[in-house]
Amino acid sequence: MARKETTAFVEPAWLAPLRKYLPGTLLILLVILLSVILVLPLRTEDPAPWTQARTWFAVVIYLAFMAMAGLFTILHARVEKARLRHQEDTRQLEHLNDRFDAALNHIADGVMAVDRNGCVTLINRKACELTDWSAEEAVGKPLKVVFCLQSVNVPPTTVDPDETVPLKQLGFGRELTAGLVSKFGVEFIVRYETTAMIDRDGWLMGTMLTFRDVTELQHIEEQREALIAELSEANRQLEKEMQNHQRARRAALSLLQDAQSAQSALREREEHLRVLFEGVDDTLLVYDREGRILDCNTAAEHNTGLKREVILGKTYAELVMHDENGMPCLQTAERRVIPVDIHSSSIRYHTQEAVIAVLRDITPLKRVQDKLRESNERLRESNAALEEYARVASHDLQEPLRKIESFSNILLEDYHDALDQDGRHYLHILVKAAKRMRRLIKDVLAFSRAGSHEKPMEWIDLNDVLSAVRENLTEHIEEKHAVLDINVLPAVQGDQTQLLQLFQNLVSNALKFNDKDAPRILVYAHERSDHWEVCVRDNGIGMKEWETRYIFAPFKRLHGQEQYEGTGIGLAVCRKIIHRHGGTVTVESEPGKGSLFRLTFPRTSGSSPQVEKDKEPDKHGETV
Amino acid sequence: MSKVTVDAIRILLIEDDEEDVLLTKRAMKKANIWNSVDVARNGQEALDYLHNKGAFEDASQYPKPGLILLDLSLPGIDGREVLERIWDKPEFKDIPIVVASTSDYEKDIEFGRAHGIQNYIIKPVEPDNVIEALGRIAQIKVILGNVLG
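Chain order of the listed sequences is A and B. This note's numbering puts the first residue of the first sequence at 894, with every later residue one more than the last. This note's numbering puts the first residue of the second sequence at 4, with every later residue one more than the last.
No lab work stands behind these hints: they were computed from the structure. Just so we're clear, the structure is a prediction, and the values are computed from it rather than from any experiment. Ideal Cβ placement from N, Cα and C applies to all residues, glycine included. Mixed in with the good hints there might be a few duds.
Claimed, not checked - From the structure, some residues in chain B lie toward chain A, with a derived Cβ separation under 7 Å:
1) GLU22
2) LEU26
3) SER63
4) PRO66
Stated by the list, open to error - Straight-line alpha carbon distances no greater than 20 Å define the calculated EDC-like cross-link-like pairs of lysine to aspartate or glutamate that follow:
5) LYS1296(A) <-> GLU22(B)
6) LYS110(B) <-> ASP81(B)
7) LYS28(B) <-> ASP1307(A)
8) LYS28(B) <-> GLU1306(A)
What the hints assert, rightly or not - Here are the simulated distance ranges between beta carbons:
9) LYS110(B) <-> GLN1454(A): 28 to 36 Å
10) CYS1428(A) <-> LYS96(B): 51 to 59 Å
11) LYS110(B) <-> ARG1450(A): 50 to 58 Å
12) LYS56(B) <-> LYS1449(A): 28 to 36 Å
13) GLN1454(A) <-> GLY119(B): 54 to 62 Å
14) HIS1369(A) <-> LYS96(B): 35 to 43 Å
15) TYR1308(A) <-> LYS96(B): 53 to 61 Å
16) LYS110(B) <-> VAL1168(A): 31 to 39 Å
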């Protein structure tokens, strides 16, 4: 809106009270003058009535005029005051208006006011600029002419005058964006907002339209959005790539870690191997297919007395020879040979096929082996000597005795009548002595053989052994009317022949040293935590406590030959046998009540006892 | 008891000890075994006898024996070797062999068993053990049957 510039007239300050009271004052002065003119001609000596009347009349008129003049003055002052206020108000308004116009024209948004008929009533400079309409042209024109939008989003600028619905409820106040075409066809994008102007009662007075050019902004916005889209796309790509990268990185990292750990493990192993390689006392040689030494350890240097460089220049065949027995040995610097034990394995040595040979110095082993062989030899010799002795004892020593016995018997049988009583008696003594001598020799042999490791240990069922004992002694048992009770017995690791001899000795002793009418022998077993206890008990003559200490000594006898026959070797043999079986034998006895022989057998764990029941019981057990 | 001689079954006694020969012969007589007994004094003689060699060339005079009574300990080629040499030969397969030895070693008895002997007598040879050992052999039983019959 354009306004004509008006210069306000400013009254001097002194004029205001003058203007206010001058007319009233002048009127009062006029009245006074009039009164004087009227009253002055009158005289007091002329008391004509009419004159009097006229005087009174003049007074009244005078008073009336006075009142009127006063009233006028007051009224005038009042009017003047109102006029001044109005003048002030107008001035204020104009000032305000100016300021409003200035403001309106200076704001960056286009502003248009539209009346209820949709005609432009006000347009600011910015709006003019944007629409290419001048204010003069625009005012009074319909809004849609001035504000020509391309978009269908035409703001609700016109309203039916009869519309009774308060416009507050309409969709004003929203900011919209649309393309605008100026009067000269310039297109740009505006963001506009319409505000309804509502009177106090809520009726629409018109519309205020504000708009601004956002082409640039839009452009920027679009660019921004495009940029954002681009950016977000890029971002997405980046993220994707980041993810890929991270995944790859992770994979790479893990690979790297794996590789690193593998490498470190490898290095560690290599170090270990090297330490091991260098640390062992055995000579280690690594050689290729042609036998060239590729590597060796410190022990190789030490054992051969050669420097590593020298060893590495040699071949395997130059270092390792064979002695006259074909046994491998290591050649040393002093032309000495060390007998060795060789273990070879193929390996890969720095990408080539190679062989690692472990050469163990077996000199100490050889020494021990030689010693062992020597002592074995000695043992074999002494065994052979013993065997020879046994054979000689068994055959050659017994032979003459047997002959003495045989021919004495022939004498007794065939020349019975040629001898007298004494001669026959002496011959009997001769036979008896020879028999006893043979018996002693046999027992010495038996004792020396007992406890020898003639046969390997095997599982023996003691029930079978005792059955054999019973069978072997049947005659003797029946003869003495004895009862032999055998309880269930275990199987033990042992030598069948020796065990038979052991139990046969004990049972026959129990029979022999028994003066009861019905000798009773009981064989039973107890299972202990780590051994078996097998007991042979009898009701025989028994022994004194001190006597029990001697009975296991060889050839120790408690009774005379006339009383109880024997050589006194039986229990010694028993003890030797039980010791060979890893057990013990003890005796508890009381004279007249009997004896209890306690044998222990270790309970060997391991394979289950496979008792060979079909084995024929050996009948070559010895009795005391 | 009537005296029975069965010439077809001749006993070869391989024994170096003169006294033992005497004792064995006496024991056999006591046991009423009257078969003719030829004696070889050592292993070599025994092998010569069996193969009709040397002094024993005359097969009619020294026919294949019906039984061998063998001592294990002999000078030179001993009884064990004799046993080893003859036990699996087809021509001697049908000759029963009985060992008579002083040794009561399990080892020696095992050795005999392993070489197909019929019986093992632990010396001295006496009527009891000789009848027990020889009586178990079929041919001898026949003799005994004849004798007893």
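Cross-check of the supplied hints:
no., hint, result
1, GLU22, "holds, 6 Å"
2, LEU26, "holds, 6 Å"
3, SER63, "violated, 35 Å"
4, PRO66, "violated, 31 Å"
5, LYS1296(A) <-> GLU22(B), "holds, 8 Å"
6, LYS110(B) <-> ASP81(B), "holds, 16 Å"
7, LYS28(B) <-> ASP1307(A), "holds, 15 Å"
8, LYS28(B) <-> GLU1306(A), "holds, 16 Å"
9, LYS110(B) <-> GLN1454(A): 28 to 36 Å, "holds, 32 Å"
10, CYS1428(A) <-> LYS96(B): 51 to 59 Å, "holds, 52 Å"
11, LYS110(B) <-> ARG1450(A): 50 to 58 Å, "violated, 31 Å"
12, LYS56(B) <-> LYS1449(A): 28 to 36 Å, "violated, 57 Å"
13, GLN1454(A) <-> GLY119(B): 54 to 62 Å, "violated, 43 Å"
14, HIS1369(A) <-> LYS96(B): 35 to 43 Å, "holds, 42 Å"
15, TYR1308(A) <-> LYS96(B): 53 to 61 Å, "violated, 44 Å"
16, LYS110(B) <-> VAL1168(A): 31 to 39 Å, "violated, 58 Å"
Consistency note: the structure conflicts with the earlier hints numbered 3, 4, 11, 12, 13, 15 and 16.
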